[in-house]
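J.: For the record, the sequence lines run as chains A and B. Going by our numbering, the first sequence opens with residue 1, and the numbers climb by one from there. Going by our numbering, the second sequence opens with residue 1001, and the numbers climb by one from there.
Hints listed in this document are in silico derivations from the structure and should not be mistaken for laboratory results. Some hints could be false.
Stated by the list, open to error - Capping the alpha-carbon separation at 25 Å, the derived lysine-lysine pairs in DSS-like fashion look like this:
1. B:1771 <-> B:1040
2. B:1080 <-> A:38
3. B:1675 <-> A:38
Stated by the list, open to error - If you want the ones that stay clear, here's a sample from chain B, every Cβ over 12 Å from chain A, calculated:
4. 1025
5. 1065
6. 1072
7. 1099
8. 1124
9. 1330
10. 1354
11. 1594
12. 1610
13. 1628
14. 1694
15. 1698
16. 1700
Small disclaimer: the values here were computed from a predicted structure and weren't measured. Note that CB positions come from ideal geometry on N, CA and C, so glycine has one too.
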Amino acid sequence: MRDFSYLRASSVDAAREAAALPGAMLLAGGTTLVDLAKCGVAEPETVVDITHLKGLDTIAVDDRGATIGALARMSRVADHADIKSRFPAVSEALWQAASAQLRNMATIGGNLMQRTRCPYFRDPANFPACNKRWPGSGCSAIGGVTRGHAVLGTSEACVATYPGDLAVALVAFDAIVHLGDRQIAVDDFFLLPGSTPEREHAIEPGEMITAIGIPASAAARRSTYLKVRDRQSYEFAAASAAVGIEFEADGRTIRDLRVALGGVATKPWRARAVEEALNGKVLEPEVVRQASLLAVEGAVDRGANHYKIELAPRVVARAILKMGETA
Amino acid sequence: MTVHELRTRPGDAKRGDASDGAVLADQVGGRLSRVDGPAKITGAAKYAVEQQLEGLTHAVLVESTIAAGRVRSIDTAAAKASPGALLVLTPDNILPLRTATDWLGTPPPDVAYCPLARDITFSGQHVAAVVAETFEQAVAAAALVKIAYDEAAAIVDLSDPKAGDGIPVDAMTKEWGEAETAFASAPVRICNAYNTPREYQAPIEPHGLIAKWQGDQLTVWEPSQWLDGMARTYAEWFGVPFENVRLVSPYIGGGFGSKAFAYGYGAVAAVAAKMLGRPVKLAVTRPQTFTAYGGRAATRQTVALGANAEGQIQSIVHRGVNETSVDGMWVEPLGSVTSVMYATPNFSSRQNVVRVNTVVPGALRAPGENPSAFGIESAIDELAYEVGIDPLEIRLRNYAEQDPHAKKPWSTRQLREAFAAGAEAFGWSKRNPRPRSMRDGNQLIGWGVAAGTYPVRRAYGEAVVRILADGSVEVESSSIDMGQGTYTILAQTAAEVVGVPAENVVVKLGDSRYARAGVTGGSRLAGVMTGAVHKAASAALDQLIGLAISDPASPFHALQANTLVVANGRIASPRGNGPEVSIAELLSSVGREHIEAKGDTMPANSTVEDRYKNYTTIAMALPHTEGDYSRHSWCAHFIEVRVDEDFGTVRVSRVVSALDSGRLYNPKLAESQWKGGIIMGIGQALLEEGIVDRRHGRIVNNNLADYLIATNADIPDIEVISVGIPDPHSSVLGGKGVGELGIVGVAPAIANAVFHATGKRVRDLPITLEKLI
């Protein structure tokens, strides 16, 4: 770990100003930053501590939706009664993420900024080539160990999987990222790698996440997050799905379906093709299974991650059918 | 005997522990809780590298980033100029060391030893090291060491086309009858390949040490499964007498075979301390724990079983291969379970080792027996389906009534009892034999069984027992406690022999200045050390009683008794006539500060050299087939899995294991160790695999987020049942091995259950979801 300056921001504006300096990084829960600094990926010159800023950890829920402060801890949001009742997929995604210790430390804003677990990204000493770390240097993962890598949204520059769970649920329910006064849809906040994989988020120097807004919806209220993984806890998704359904008055015809995927794409992946195929249809297992195949339209595997293309539609179908059962 | 005739008959065997009733927690066989538990829970237990020393400096390793080739040059200028940097060690400036005797006792070649490499044989090899005033400064400076390489083509693993067939290990060959001919003519033949990947010990306490020199005296604080062996290595590296090296290892946060030897990083730290004249701390990072020493070698086995239509085995032909390093030799004995588990008139097992560009592999819980059982216990399950016989029934039909290889009777083999007790507790008789016949919604349910075994490894031990002025008892040994319970069972042993409450016994371990001890490995320590403490404590008690009877100042002097009894810390005559005094009162009245006795279990005519060899190598260890008997511990695992039919995920939902470790010195701790082994086996079966980047010959999942070990959520309730009886041929107090046994057979039991659930046979560990989807 390289020496760095530590700066304790006195206000949001001061934090934003300090964060605009070259080499500055914000410190919230620290679960990503400290980890990446230890493995030599993050080498901040200045660490701007925002943990003590007042008013950034509130959780407010009303009929219009939820507003979650950037510094709210993952475990607090997961356990919030109104989040659990109105946005069950959000709570479930948080509960299934990381470990209890990490959830108690990590913040919601920091959660959105977490970086990929690509082993090549995380080992600069052994794998200097990484377009995320060093634009134009190449991708060490392509041709290497790719069991965990993405099959959707990849480019020749980067195949790294977006690792998080929360943002998958947020994408499904059209959440908004608050960057102070500027607001941006969470789906637009996360960027595809394309030819610039070093740019992961639509956030500019001097901007800071202050809150996340999730609009209320009937689909969000009847929602779930299904995470399939190699081990039962403390493990990233092999494939996951956030699903919410609003039915017509008959209780069988789908009015508003939301589907997003995790663990298979380079960003939290909204599966609109599945939604469009099923909106207006009566929920039938075989119809759901067929439509779920659309979730991986355009998927490209890199050998060892081929199973994700088989797995992801099954996860989507199971989650939709589970929500159907509760109708 | 068939499955249906198997019945547990509780109460028909005395187990020599608390299950017989009338054994106190304080005594051998009692369920005393871990005496070191409170210190560990409260954080009071100080581990080796937590020592605070004045002037302590910090070393950080620099590792090779290629898997094969040569270091062309090392540029240390920037590192040397980095703030706080004190020393940059490279192959060019490191003090020359001598090669040390290996753990087998092989005399070393007369060549220099350098823990920093110029010739690179694996990725992650130590090339340089930086010492600085603080850890952070050392990390920063280490990043500035620039190494240029001439890279060569690496052999990345066993499947590399360049790897070849390897080197035959003749010592592993076991053959009788005409195995190949008998297999060829057998009515039923199955032949399949079984593979296990690189697996790692992953102890929660990473490796590391603090080294400090005072003149030619070296003190090393280092987690160790073998203080005397490691002290010898350090002494020989530096050419100082064995007595000049002190190893201190009070607690160990898990070893699993990985902490028995002094490794290259230890030499680096000790050299740096000598060169700087200041103590040096070197903490191996978690990623470095994958390359600073070896995990379990990847293995390949072919098991061919020839049988008749009734499932009776007529021939076993077994071929095994394990990887080793380019310049080191590790043999993972793959025919070890294959050759003892089942009766067969014809048998052949041979093994090769293949050199690949890896760190030399090492011991990981039940080395040899663990992968060996995965082969044979999967194969016999396949045979059971082939001939249409219950997997438990076929094991009974082929039950080995004696050691098929050594042709000697078992000292004890409670495996039939293990099958019976396990089957009954599990409800095996309700099993539908057809694969995919049981389900719960999307979950396919499968039941599998497998057996396991581990040989009884024996050596000689030594201990000092003191009875102190306050009546308490002190036990000293340079053996160690890595969580298995040495502190506790030695307290129980001394308490029972001397006749004091266990809470009045203080056990001191983990310092090479104490009475000497051999390796804590191969499940030998408990048997060796309870025997030694029993002997030393008996000698101390004899002295105490002798004093009480014969010392003129003793209150018992007038009694003219020829013996006395000591119980609960108080001395009395056997018939209760005469005085009763506490041990403290007696020692006070006869004016003694303490009584001390040293006991060892070495043969009476042992030389000084024999003793040194016994404690610092394994050359004096007794073969498990020495004399008239073949000695092993045994187990049977019954496991239920749930496999999601869409997702391919496997979760273990029920485990019942019945185990024969002979007499249990402390059933509570033995059960805990067995469960630990079973939990590790669940991880091995479903999760653990060192994944190699084939272009770079490097393990890429070298951390605990990516190298998956089982979490609590992966582990169901585990029921363990002791079926052992005291085995007088295996140890002084009748116990057999505990720690290694539990893991043996777990992976095949799970693979067999997965087949029963899904109809898919997975012969490559781990059983990950893409193999079932």
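J.: Look at each hint and say if it fits the structure.
T.: Hint check results:
With a C-alpha separation of about 41 Å, the suggested pairing of residue 1771 of chain B with residue 1040 of chain B is violated against the 25 Å cut-off. Our distance criterion of 25 Å between C-alpha atoms is met by residue 1080 of chain B and residue 38 of chain A, whose separation comes to about 21 Å. Restraint check for residue 1675 of chain B and residue 38 of chain A: the C-alpha separation of about 34 Å exceeds 25 Å, so the hint is violated. Against chain A, the non-interface label of residue 1025 of chain B holds: every CB pair exceeds 12 Å, the least being about 34 Å.
Against the 12 Å criterion, residue 1065 of chain B falls within the reach of chain A, whose nearest CB is about 5 Å from its own CB. Non-interface call for residue 1072 of chain B relative to chain A: holds, since the shortest CB-CB distance, roughly 18 Å, exceeds 12 Å. The claim that residue 1099 of chain B lies off the interface holds: its Cβ sits roughly 30 Å from the closest Cβ of chain A, which is beyond the 12 Å cut-off. Interface exclusion of residue 1124 of chain B from chain A breaks down, the closest Cβ pair being 9 Å apart, not more than 12 Å.
Distance check for residue 1330 of chain B against chain A: the nearest CB is about 24 Å away, which clears 12 Å, and the non-interface claim stands. Even its closest Cβ contact with chain A, about 21 Å, leaves residue 1354 of chain B beyond 12 Å, as expected for a residue assigned away from the interface. At roughly 47 Å from the closest C-beta of chain A, the C-beta of residue 1594 of chain B stays outside 12 Å, upholding its exclusion from the interface. Its beta-carbon lying about 48 Å from the closest one in chain A, residue 1610 of chain B satisfies the requirement of being farther than 12 Å from that chain.
For residue 1628 of chain B, the requirement that its beta carbon stay farther than 12 Å from each beta carbon of chain A is met, with the minimum near 47 Å. For residue 1694 of chain B, the shortest C-beta to C-beta distance to chain A comes to about 8 Å, within the 12 Å cut-off, and the non-interface label is violated. Not every Cβ of chain A is farther than 12 Å from the Cβ of residue 1698 of chain B; the closest lies at roughly 6 Å, contradicting the non-interface assignment. For residue 1700 of chain B, the condition that its CB be more than 12 Å from all CB atoms of chain A is violated, with the nearest at approximately 4 Å.
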